[in-house]
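Engineer: These are the residues of each chain, in order.
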Amino acid sequence: MSEPGFTPDEMMTIAASRALKNDDVCFVGIGAPSAACNVARLTHAPDITLIYESGTIGTAPDVLPLSIGDGELCDTAVTTVSVPEMFRYWLQGGRITIGFLGAAQLDRFGNINTTVIGDYQAPKTRLPGGGGAPEIAAASGEIFITMKQSLRGMVEKIDFYTSFGHGDGGDHRERLGIDTKGPTMLITDLAIWRPEPESNEFAVVSLHPGVSRDDVQANCGWTVKFADNIEETPPPTDLELQTLRDLKARTKAAH
Amino acid sequence: MATFQSLPDAVSENLHDGDTVAFEGFTHLIPHAAAHEVIRQGITDLTVVRMTPDVIYDQLIGVGLVKKMIFSYAGNPGVGLLRRMRDAVEKGWPRTLELEEHSHAAMANAYEAGAAGLPLAVLRGYRGVDYSKVNDNIKSITCPFSGETLAAVPSVQPDVTFIHAQKADRKGNVLIEGILGVQKEAVLAARRSVVTVEEIVDDLDAHPNACLLPHWTVTAICTVPGGAHPSYAHGYYVRDNANYIAWDRISSDRDTFLAWMDEHVINATPQEFAGRVEELRTQA
Numbered sequence: 001m002s003e004p005g006f007t008p009d010e011m012m013t014i015a016a017s018r019a020l021k022n023d024d025v026c027f028v029g030i031g032a033p034s035a036a037c038n039v040a041r042l043t044h045a046p047d048i049t050l051i052y053e054s055g056t057i058g059t060a061p062d063v064l065p066l067s068i069g070d071g072e073l074c075d076t077a078v079t080t081v082s083v084p085e086m087f088r089y090w091l092q093g094g095r096i097t098i099g100f101l102g103a104a105q106l107d108r109f110g111n112i113n114t115t116v117i118g119d120y121q122a123p124k125t126r127l128p129g130g131g132g133a134p135e136i137a138a139a140s141g142e143i144f145i146t147m148k149q150s151l152r153g154m155v156e157k158i159d160f161y162t163s164f165g166h167g168d169g170g171d172h173r174e175r176l177g178i179d180t181k182g183p184t185m186l187i188t189d190l191a192i193w194r195p196e197p198e199s200n201e202f203a204v205v206s207l208h209p210g211v212s213r214d215d216v217q218a219n220c221g222w223t224v225k226f227a228d229n230i231e232e233t234p235p236p237t238d239l240e241l242q243t244l245r246d247l248k249a250r251t252k253a254a255h
Numbered sequence: 256m257a258t259f260q261s262l263p264d265a266v267s268e269n270l271h272d273g274d275t276v277a278f279e280g281f282t283h284l285i286p287h288a289a290a291h292e293v294i295r296q297g298i299t300d301l302t303v304v305r306m307t308p309d310v311i312y313d314q315l316i317g318v319g320l321v322k323k324m325i326f327s328y329a330g331n332p333g334v335g336l337l338r339r340m341r342d343a344v345e346k347g348w349p350r351t352l353e354l355e356e357h358s359h360a361a362m363a364n365a366y367e368a369g370a371a372g373l374p375l376a377v378l379r380g381y382r383g384v385d386y387s388k389v390n391d392n393i394k395s396i397t398c399p400f401s402g403e404t405l406a407a408v409p410s411v412q413p414d415v416t417f418i419h420a421q422k423a424d425r426k427g428n429v430l431i432e433g434i435l436g437v438q439k440e441a442v443l444a445a446r447r448s449v450v451t452v453e454e455i456v457d458d459l460d461a462h463p464n465a466c467l468l469p470h471w472t473v474t475a476i477c478t479v480p481g482g483a484h485p486s487y488a489h490g491y492y493v494r495d496n497a498n499y500i501a502w503d504r505i506s507s508d509r510d511t512f513l514a515w516m517d518e519h520v521i522n523a524t525p526q527e528f529a530g531r532v533e534e535l536r537t538q539a
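Residue numbers (the numbering used here), protein chains in the order written: chain A, 1 to 255; chain B, 256 to 539.
Isolated chain B (complex conformation) (with noise of 0.2 Å):
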């Protein structure tokens, strides 16, 4: 059953130093606004676990509290590197970053395989390419029908999923629309996941095959208008495309990435994300 409550306490109360965290979001409805709430209350030694990792996970890895990230593509889409990861994986600043390293297929099917209640997936991948020399956790299988070598990976069960919503009714089902990504999979697949939704709404008006999340399947809801920021929120607001490309030079100075993060995230609240999607609103 949905809790509603607070960002603040829906962070404290369900991600721990030391667990395995998803924030996901495929270019669409990032969960910036929750990922900064972890990085306020500095919870550390994370491994986080995300098919696309990007802003949200420069920031984290940035500040130090990333242990481990497993993944498949990092990057700054449509812009470039990730130069806090790049930072933390080239010279260990601020602290060496651990990396397990899948294609997005294999990520897909191992999140897949998590909400499924399976220890492992089976995919046609890997075939000819080195990622198994630098990654344990690939290894092949063979079909007990057609003797057909195929590539497996661990299921993904993160202990925390973050994901952003559009919105929720007031018993706590929980809507998505627009790019799915691997979020109903990512929330199925974890111990306890909190959403954060542009509003609450007495009728969530769905289609009857949406992309829903019952409400029994969350842990907690905050209502956070443009918690997704710079990343966007389909019908609410677009994507702050200026904001990803601004990140590109924040990011490229140690100095200047924690001025910026101090100013913008350490010194800032939740609410403030209204405020930033507030022109953005008027294009979606």
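This is chain A alone, in the form it adopts within the complex (with noise of 0.2 Å):
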């Protein structure tokens, strides 16, 4: 088999960028979500409405920001809002279409810890904490969620959660009152999961090209579900690479 000329990491990106619409109002977490939302915006989405939780508002960065609050965000912003204003009118005033977050550690149903591996009180690695997202996952219309697969990352059971997904399952959401869809879509670099209608468990939809089951195992702690019907993930186009690879260029020489 001939080398399929990108990378699994490039597939995570550009697969998480065609989750995203033109129309969507998108509040974007730093790392591997900033990279998918900005090819979306390059590519497909051209009128995407990017959020960063530092108050800049339909950003449009020319390189990737080392920051959520780097010059580049406002400078190129349609408006930048205080921080208070940004969580109170703009995410919890119900205007934000999709929250894309990363995480540390993730379960089978969604939910997310980026606060402590470990006990909280002795912890063996204390993380940045969550920042925005306790509340992005909570307010925002729907969460995608984009991280590398590994067996320290998506585990059976998170030391604590930061951001809360589906929880136990069900309709676990709705039992706490919260009226938002929660995890809807995980893109990693090996495959592109939905949570289950019922269960509401993270369940493989598609697997990337060249990836088996066994791979998408093989790093994963849980007992991996499949779908029914898989696919496989159309693989990058030339335009689509060209951007992301553009993209890293750009912020490479930037940093």
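If you're looking for bench data, these hints aren't it; they were derived computationally from the structure.
Treat the hints with care, as some may be off.
Here are the simulated DSS-like cross-link-like pairs (lysine-lysine), alpha carbons at most 30 Å apart as the crow flies [said to hold, decoys possible]: (1) B:K323 <-> A:K124; (2) B:K323 <-> B:K394; (3) A:K124 <-> B:K346; (4) A:K181 <-> B:K388; (5) B:K426 <-> B:K322; (6) B:K322 <-> B:K346; (7) A:K157 <-> B:K394; (8) A:K181 <-> B:K322; (9) B:K426 <-> A:K157; (10) A:K225 <-> A:K157; (11) A:K21 <-> A:K252; (12) A:K248 <-> A:K21; (13) A:K181 <-> A:K148; (14) A:K148 <-> A:K124; (15) A:K21 <-> A:K148; (16) A:K157 <-> B:K346; (17) A:K225 <-> A:K148; (18) B:K323 <-> B:K346; (19) A:K157 <-> A:K181; (20) A:K148 <-> A:K248; (21) A:K225 <-> A:K21; (22) B:K388 <-> B:K323; (23) A:K124 <-> B:K322; (24) A:K124 <-> B:K388; (25) B:K346 <-> B:K388; (26) A:K124 <-> B:K394.
Combine the two chains into a complex, taking the hints into account.
Structural biologist: Here you go:
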């Protein structure tokens, strides 16, 4: 078999970018989500509204920001509001259609931990914490999650609920009075996952080119569910790949 | 009425051992020079507040001046974790660190409530998550009109807030432009405030709706060009991303950290910040 001509990381970012629509208003997490959202903007979704928690609304950076508050985000934004306004009027006010998050630890129901590994009072690893994510996860219309698969990252039980996904599954969100959809898509470097209708447990719906079911299971800490009809993720187009690589090259030169 | 004075004088007159202090800035306009002056003066047992504690909080914690931190995201943005803070939390070095952890939404609301003179902030937050299990300051409240259960947190009202801004006029009115963060709220919520600025001008030339702090809301103003470095001042100099990346290595080892602090903070002055941003000005 010949080399695919793209890396698993590139496939992940591009698959994630395809999930976004031109009319979305997207609250962008830093890291992998930021790359995916900007590839979407530079390809099929030129009018997408990207919002970073630093208060920049409708931003269109030429390079990927290192932080959520790089000057580039403000320079290219439609408007920049204060952080209290960002969280009150725009997020809590229900104006965000997609919240795009990364995760350090994730479980099968899309609950996310970015707070601690181990016990909170005596942690093995103290992580940065949730930042905007707890309320992004609850207040955005729906949530996309993107992360590289690993046994350490995709676990049976997360150590701390930083952001609520589907809780214990089923109608747990509804029972807590949360009326948004929660996680509706997980894009990893190996596959695309969606929650199953009743249980809300993530199941693989599409494998990236060259990836087997065993590969997905070998890099996931819970027993993986596979949908009845599994598709193969279309490989990156030349335009998608070129856009992503140009963006990364500009970013590398800038930082 | 704002007093124009040197940064060492402003720090020693306004901040005392045991105070609750915020050095605010959301990636942009982080008051590095002010925090370094606090470190030089060794003002200790501080409760530090910040939505996004980053390098200066890592430094304050690493030299042992911090008793407690109230925060919502502690990281080196885009680079990784705060290694001095981790050492304090995980190993108690150089002292143990008490944490009061919130989400950004709660912290932003708490500052706003502080500025508004309210005892608490109310938000639709923390639903389904574990924060309230580890933070007794997260409670719930029932809306008397709708019956909805909402989250409540105490307002933040620091003894002192430090911020960095682009400019002040000769009366002491302060202008902030670009990414605003929660600096206006943090100043209005505090009992005292110290603002470092890039320059003093005759006329702020501000848009009618600009983010402006009238001189009578600010305690002290200190001219410190480059005082946000390695953070940035929109329109003056860009963020020194390479410096943030370098911090990851410097902070990874206790001795390397202490040696770096000696050279760049303990034995340095506020005047040195101007030179640090010289090359970053051309890109702004």
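Engineer: If any of the earlier hints don't hold here, list their numbers in rising order.
Structural biologist: Violated: hints 5, 8, 9.
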